[in-house]
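> All chains, please: the whole structure from these sequences, using the hints.
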Amino acid sequence: MKKQASPLLPALLDLLRQYLALDMAVYAGHATLLLLTASLPLLMWVLVIINMLPFYSVSDIAALVAQLLPDIPAIQSMAVDVIANLNNQSTTFMASFAAITTVISASGGMAAVQKGLQKLTPGARKTMFDRLWAVLYTFLFEGLMLVAIVVQSLSPILRGLAGLLPLHTLVGGLLQRLHSLLSISAVLSLALSLLTVTLIYTYVPGGKRRIRDQLPGAAAVVAVWTLFSKIFSFYIGHFWKLSYIYGSLAAIVLITLWLNVNINVLFLGAGLNAKIQGMGQEKKEPDA
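Quick note: the sequence shown, position 34, residue 16 per the numbering used here, numbers continuous.
Possibly wrong hints are sitting among the right ones.
[What the hints assert, rightly or not] Distance windows between CB atoms, simulated:
#	residue 1	residue 2	range
1	Val235	Met34	28 to 36 Å
2	Pro198	Pro55	30 to 38 Å
3	Ser39	Leu176	24 to 32 Å
4	Gln0	Pro36	45 to 53 Å
Since the hints were derived computationally from the structure, they do not count as laboratory data.
Fair warning: this is a prediction, and the values are worked out from it, not measured in the lab.
Don't be surprised by glycine CBs; every beta carbon is placed ideally from N, CA and C.
In structure tokens, the structure reads:
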């Protein structure tokens, strides 16, 4: 008896055809432009909050951003310079300005992502309040950034506290274990990325859906993001010398290219979830 071919490959090919037919690359390009525009006010607002917290500094934000961006010297140095310049302007007036520009600009980036996801997500619901929801999701995303910074910076704090207490005590041993766990910053970054993408797939398109149904696409997206960033960093660092062509604009060109690919992958992950759910429903249907 012949084995039935796996339906996964035809489903993936069908997803690619649907993706191209819907011109999703155009939505990804639009989202890329708006997200790049939104990044400065978003970082400014995070800097304002971090500067008000004890034990935290600009270097903590720079460390988090460095983990998120490709490991390319031109990009890393530009990010550090931008954060330093924004920090010099994070006064009381700039805090108010950052709040306004974050709502206007950063929510536009989230709204563009929302429109793209609505094209590929079954049961997505468009309402007149979509832009207001985009504003809310923008501030929630900022909250996740702050949580990531706080958790990442807890490691040296716990190390200092653990050094003050004997390791054989209950509190000292607990602090040492927490420090060991939080020192695995790469694992924490992956976990936070998985949580963020899962929440985006669940709530941003609108409508109701189960969180667990979004996990396959979210896991695939985080895996592809990680692999692509590694390959991208290696290739650009060794083979493609953009600085000869674009000069000082090389970092901006690279970030735009990197972000555009990641947004396309994010949209494809939403389509993958839809295909997996459709295949599951077909299996549940009784044979005619």
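> Each of the hints needs a verdict: does it hold here or not?
Right, here's what the structure says about each hint:
1. Val235 / Met34: 28 to 36 Å: 35 Å, holds
2. Pro198 / Pro55: 30 to 38 Å: 35 Å, holds
3. Ser39 / Leu176: 24 to 32 Å: 27 Å, holds
4. Gln0 / Pro36: 45 to 53 Å: 51 Å, holds
Comparing the model with each earlier hint shows no violations; every hint is respected.
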